[in-house]
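Okay, here's what each chain looks like letter by letter:
There are 2 protein chains.
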Amino acid sequence: MPEIRKDPVFGRWVIIASERGLRPNEFRPGGAGDGHACPFCAGNEALTPPVIYSLPGPAGGWRLRVVRNKFPALTSEGSSDNRREGIYNRMDGMGFHEVVIETPEHGRLLEEMPVEAIADVLKTFMLRIKEIKKDPRIKYVMIFKNHGRNAGASLLHPHSQIIAMPMAPLRVMQEIDGAADYHIERGTCVFCDIVTEEISFKRRVVAENSSFLAVTPYASRFSFETWILPKKHFSHFENIPETEAGALAEVLKTALGKLSASLPDLSYNLIVHSMPVQEPEAEHFHWHIEIMPKLTHVAGFEWGTGFYINTVSPEDAAEILNTGQTYKI
Amino acid sequence: MPEIRKDPVFGRWVIIASERGLRPNEFRPGGAGDGHACPFCAGNEALTPPVIYSLPGPAGGWRLRVVRNKFPALTSEGSSDNRREGIYNRMDGMGFHEVVIETPEHGRLLEEMPVEAIADVLKTFMLRIKEIKKDPRIKYVMIFKNHGRNAGASLLHPHSQIIAMPMAPLRVMQEIDGAADYHIERGTCVFCDIVTEEISFKRRVVAENSSFLAVTPYASRFSFETWILPKKHFSHFENIPETEAGALAEVLKTALGKLSASLPDLSYNLIVHSMPVQEPEAEHFHWHIEIMPKLTHVAGFEWGTGFYINTVSPEDAAEILNTGQTYKI
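From first to last, the protein sequence lines stand for chains G and V.
Numbering of the first sequence is given in the working numbering, commencing with residue 10 and proceeding in unit increments.
Numbering of the second sequence is given in the working numbering, commencing with residue 10 and proceeding in unit increments.
The hints are simulated quantities; they were obtained by calculation from the structure and are not laboratory data.
One or more of the hints may lead you astray.
[Unchecked claim] Within a straight-line C-alpha distance of at most 27 Å, the following computed DSSO-like cross-link-like pairs (lysine-lysine) qualify:
hint: 1; chain 1: V; residue 1: K79; chain 2: G; residue 2: K15
hint: 2; chain 1: V; residue 1: K79; chain 2: V; residue 2: K143
hint: 3; chain 1: G; residue 1: K139; chain 2: G; residue 2: K240
hint: 4; chain 1: V; residue 1: K211; chain 2: V; residue 2: K15
hint: 5; chain 1: G; residue 1: K148; chain 2: G; residue 2: K240
hint: 6; chain 1: G; residue 1: K139; chain 2: G; residue 2: K262
hint: 7; chain 1: G; residue 1: K211; chain 2: G; residue 2: K142
hint: 8; chain 1: V; residue 1: K139; chain 2: V; residue 2: K211
hint: 9; chain 1: G; residue 1: K211; chain 2: G; residue 2: K240
hint: 10; chain 1: G; residue 1: K148; chain 2: G; residue 2: K15
hint: 11; chain 1: G; residue 1: K241; chain 2: G; residue 2: K139
hint: 12; chain 1: G; residue 1: K15; chain 2: V; residue 2: K211
hint: 13; chain 1: V; residue 1: K148; chain 2: V; residue 2: K15
hint: 14; chain 1: G; residue 1: K142; chain 2: G; residue 2: K15
hint: 15; chain 1: V; residue 1: K79; chain 2: G; residue 2: K337
hint: 16; chain 1: V; residue 1: K211; chain 2: V; residue 2: K79
hint: 17; chain 1: G; residue 1: K240; chain 2: V; residue 2: K148
hint: 18; chain 1: V; residue 1: K79; chain 2: V; residue 2: K142
hint: 19; chain 1: V; residue 1: K240; chain 2: V; residue 2: K139
hint: 20; chain 1: V; residue 1: K15; chain 2: G; residue 2: K241
hint: 21; chain 1: V; residue 1: K240; chain 2: G; residue 2: K15
hint: 22; chain 1: G; residue 1: K79; chain 2: V; residue 2: K142
hint: 23; chain 1: G; residue 1: K143; chain 2: G; residue 2: K15
hint: 24; chain 1: G; residue 1: K211; chain 2: V; residue 2: K15
Note that the coordinates shown come from a computational prediction; the quantities given were computed from them, not determined experimentally.
One chain only, chain G, in its complex shape (with noise of 0.2 Å):
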């Protein structure tokens, strides 16, 4: 069973998971680079664990599936509670490891797909949210996508996964402490704030509907790093109207396009901000999207400081992506 270790300088958690290094790699000598064996392709459903959730396609088949993951992270045995161990903390790898296998089709890009296709994976995440949430061990649940090779992908077709944790991780706390601290200071959401700066400065947005602004964040880690903010106010990706799904879609299939049309050969990783799942709606903290794009080896530098250099600038990323213009690593 997988276990979870607390650093005791950071209070930052690391899973141990040994089993979680056999699993296959497509991108490694001998990998399935060919396709024939992707456990994600219609026909092999045999090679996953069961269905746990999926959309009906044409002919009896499937358009969606989420089934568990194969080398799960987390396992849902054991108990979340905390052990000590001489002058560490432990605990068991208790939670949940989902993948949602985004379509039939092998080599399709999300963004190659409808915006009705890219709604229903969006609403897939939000149902199993809710599901995964009524077990109350569970505090956090991550829903992430890793395209490409460069961006820790270790299988090609298109799918996402969802990670369901016994605690709220470091990062996430730091990022709601740090909105509550402005929310103190100036009484108002430090999101809905750059919403409204960024609409207003203009040079950053890269896509916008009614619903969702895309931008390229003012203090950009990554080169091309991009947001997608909804514009209304929730703490919680899965509280948010089912409807307003279509919309998210819409500008995340833009910024994704924009994204791919510029930087050939894209990786990147795509991350959902929302607060913890047992926790309310709060004044402070707003779901949001991060889209971090793998163009180079994150250094040394980067690793041992959480203090970034980027050679591109945000506004110069921003007219990039706009101008449609091709940009050479």
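Given chain G's structure and the hints, the job is docking chain V onto it.
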């Protein structure tokens, strides 16, 4: 001139340095991969900015050189004052960025060098910090080494970097705050306690002598992550007696040598964690070195949460390193 922007949520600083995008990269198609045009090789001194410090080598040559980085992340011009920009904060990219060329030999690994030569590199770090911190605008001096393509290195020739900056970076402050909390709660230094615990537990020790200990830390974020801890409490790396440099070089050589033997084609980041340079010695913070091998690309989950998944436990990692086994990724 580079600028430094502050993220309004985290208080995280980001350097926006467009000029750095122009630097050469040996690992890129068309880069100086054959070593002939390497600016760090003996005979090519004219390709680097003027030398800041050097140690003499045989036959009138040099055995170590420190030069300004030709593509600096920060420059000596500008002020360290904070300025507002809409709802955001920024300052000029003021600071120093130096390169320590560790040897005139292009293909030599640090761990292959004699202990005395490694000690020279460490003594050079101390000397440069002591010199740079005379400038009161400088609050932190980061010493780091990126080795190999996966670790973000752009040149193969053995070198380390020194970045001096006008603020203490966020993660450094979080580490010091975490250690201060531990000290308030238990009255002891968390790093002194780690040294005691690890010497007694034994199974995570990779190298040891009378002054230093190398361990795979309890909550390792990365497979084969290795820390070097001084047994004697000092907050500032640059304050240790110069006579200790040999002992540190010995443990560093052993630790890197074991990593290199078990992990073929090793890439790693090495970072010195030390106290902000203008602060006094403190009971709660203890300088140390962190070495992070880069075996796989860090995936989205880690970035979004500060919550890491590691597929090799530190106990297994230490055993593999100490028995000289080769680890297959």
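Against the 27 Å threshold, does the CA-CA distance of K148(V) and K15(V) hold or violate the hint?
It holds: about 16 Å lies between the C-alpha atoms, which stays within 27 Å.
Does K79(G) pair with K142(V) here, judged by a C-alpha cut-off of 27 Å?
Roughly 52 Å separates the two Cα atoms, so the pair is violated.
With a cut-off of 27 Å on the C-alpha distance, tell me whether K211(G) and K15(V) pass.
With Cα atoms ~19 Å apart, K211(G) and K15(V) stay inside 27 Å; holds.
Take a quick look at whether K240(V) and K139(V) sit within 27 Å of each other, Cα to Cα.
holds (22 Å)
Straight-line Cα separation of K15(G) and K211(V) no greater than 27 Å?
holds (19 Å)
Pair hint K139(G) and K240(G), alpha-carbon separation not exceeding 27 Å
holds (22 Å)
With a cut-off of 27 Å on the C-alpha distance, tell me whether K240(G) and K148(V) pass.
violated (38 Å)
For the pair supplied as a hint, K211(V) and K79(V), is the alpha-carbon distance within the 27 Å limit?
violated (44 Å)
Distance restraint between K241(G) and K139(G), which requires alpha-carbon spacing of 27 Å or less:
It holds: about 20 Å lies between the C-alpha atoms, which stays within 27 Å.
Does K15(G) lie within 27 Å of K142(G) when you go C-alpha to C-alpha?
holds (23 Å)
Take a quick look at whether K139(G) and K262(G) sit within 27 Å of each other, Cα to Cα.
With a Cα-Cα distance of about 24 Å, the restraint between K139(G) and K262(G) holds, given a limit of 27 Å.
Measure nothing beyond the straight line between the CA atoms of K240(V) and K15(G); if it is 27 Å or shorter, mark the hint as holding.
holds (23 Å)
Consistency note: the structure conflicts with the earlier hints numbered 1, 4, 7, 8, 16, 17 and 22.
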